[in-house]
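Construct the complete structure from the given sequences, taking the supplied hints into account.
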Amino acid sequence: MEIYFIRHGETNGNVARRHQAEHSPLTFKGEEEVRKAALLIKALKPTHLMTSSLVRALDTAKVIGKECDLVPDTFSYLNELKRPDKLYGNYHFSIGSFIFYFKWFLGREGKESTDGESYADLLKRIEIVKEKVASLPPDAKLVIVSHSVFINFFVAHMCQTKKLNVFQATKTFFNLLTMPNTQIKAVTYNPETNSGQCAWSVNLQN
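Under our numbering, the sequence shown has 34 at position 34, and the numbering climbs by one with no breaks.
Simulated from the structure, these hints should not be mistaken for laboratory data. Worth double-checking, as some hints may not be accurate.
[As the list claims (entries may be wrong)] With beta-carbon atoms standing in for the labels, derived distance ranges: (1) K171 / E192: 25 to 31 Å; (2) E131 / S53: 17 to 23 Å; (3) S94 / E127: 28 to 34 Å; (4) D69 / F102: 44 to 50 Å; (5) D69 / G196: 36 to 42 Å; (6) K171 / K132: 22 to 28 Å; (7) S53 / T161: 21 to 27 Å; (8) S135 / D69: 19 to 25 Å; (9) N165 / D69: 39 to 45 Å.
Backbone N, C-alpha and C define an ideal beta-carbon position, used for all residues, glycine too.
Right, here's the structure in full:
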């Protein structure tokens, strides 16, 4: 099975490099980016389309679905990491943000509703998405519209259920902080993989 993760189009929050609310719509540039990406995705001949339930992802999936003649399957487990309420509006590279990243990685954030989502919670979501994807036909070509944090942590945890070590986490955080809007990451799922081996792999063309 071929899976194509695509990050949603540009939003004002992306331009400002701030933690953004769930209802952030695409900018005009973001809409243009998505239209171009949809043409590339159409050439891949996808058979299924899934999307996060956040507005910026839904707007992106709507354009892709129209171009590829697919109805998006909205799946909230693909949503972006839920930040603490106090973090929204702050810059990604602010001192407060880096303190949050560090504490979050250590498992000291996300223990209450206002504190957002914990690392352990995100790992549970990733496993649920894996199961959802694995339930599709083995010859499916799936497009998933999601968000930078979720996409990069999914890829990092495709074959690893435990937390990342410091080196792996540093690489993953760098990837998610520098991932352009509408970038596509291709991965493969092989249900016929032998027991004890990982059925997931990253497409080397990424």
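Results of checking the hints against the structure:
no.: 1; hint: K171 / E192: 25 to 31 Å; in the structure: holds (29 Å)
no.: 2; hint: E131 / S53: 17 to 23 Å; in the structure: holds (18 Å)
no.: 3; hint: S94 / E127: 28 to 34 Å; in the structure: holds (31 Å)
no.: 4; hint: D69 / F102: 44 to 50 Å; in the structure: holds (45 Å)
no.: 5; hint: D69 / G196: 36 to 42 Å; in the structure: holds (39 Å)
no.: 6; hint: K171 / K132: 22 to 28 Å; in the structure: holds (26 Å)
no.: 7; hint: S53 / T161: 21 to 27 Å; in the structure: holds (25 Å)
no.: 8; hint: S135 / D69: 19 to 25 Å; in the structure: holds (22 Å)
no.: 9; hint: N165 / D69: 39 to 45 Å; in the structure: holds (43 Å)
In the structure shown, no violation is registered for any of the earlier numbered hints.
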